[in-house]
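Please model the complete structure; the sequences and the hints are all you need to start from.
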Amino acid sequence: MGVFIGLLLGLGGVLIWRSFTRSDPRDPRPGRRSVSDRVQETLNVAGIESVSPNQLFGACFGIGGFVFVLLLLISRVWVISLVFGVMAAMMPMALVRLRARQRRAELRELWPDVVDNLASSVRAGLALPEALAAIGHRGPDELRRPFQRFADDYRATGRFSDCLDRLKAHLADPVGDRIIESLRIAREVGGSDLGRLLRTLSQFLREDARTRSELEARQSWTVNGARLAVAAPWIVLLFMSFNRDIVQAYNSPGGVAVIVVGGVVCVVAYRLMVRLGRLPEEQRVLR
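For the sequence shown, our numbering assigns the number 113 to the initial residue and increments by one for each residue that follows.
The hints are simulated quantities; they were obtained by calculation from the structure and are not laboratory data. Values in this document were obtained by computation on a predicted structure and should not be read as measured data. For glycine and all other residues, C-beta sits at the position ideal for the given N, C-alpha and C. Careful, some of the hints might be misleading.
Derived CB-CB ranges, DEER-like [to be verified]:
1. 337 <-> 364: 29 to 35 Å
2. 217 <-> 376: 29 to 35 Å
3. 373 <-> 186: 20 to 26 Å
4. 173 <-> 365: 25 to 31 Å
5. 380 <-> 173: 21 to 27 Å
6. 316 <-> 186: 53 to 59 Å
Laid out in structure tokens, this is it:
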């Protein structure tokens, strides 16, 4: 009976969450995107091309259900099993977001070199499609694949604007959006200031990356300490769950209340810590 109640609670929570996050496909506002679109963008930022949003959702539910059943068999306490099942279900998404943040930090260091290569190509008189295709051969290794794909698309279709749109979707980066839109405007209306614009952008990106690296190095100890403080009581509870006699007290209404209140406090404290310590991130306004 406890397993059935736990599954119903989990299913109800998922349905409520989906009702608030899913957008109407008839909604004309471009800012409203479905959960699948946002997850796909996160996968693109993380550089994970072989996993679809549905596969990621399936991994989340599968891992969460497995951990829930396993801990329920070990501890016989459904509330503890449900809590750790939810945590386990969030792990694949958390790992993808962590990889996305790491890759965005890596790209932040690489974009100035890409901009310099583009400026050199433009100064040498190369056409814009050729300058972009050249990044796939002589640019940074982490960014070669999207630009090689652009070169293949352009050779196959010859539609510069459509190929730029696909390149933006693969990069999923605000700096890449600015560069691509600058090249699109230069292609459509012409102008002699593109080289100067690219050189100025390269200098700005290097200064921004240097400042951000200093700030992240200074705050890393504080952020990691706060994360450890939030995780410590749940690690202790996980070890306690292997002794059924100790955790049987959590089968009572008072024990459930302790778990629920503790979870809410930890979630609120962690979200406040993340929001207060978050550095400003550039948004994709040229999506």
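Next on the checklist: Are any of the numbered hints broken by this structure? If so, which, sorted upward?
Outcome noted: No numbers; nothing is violated.
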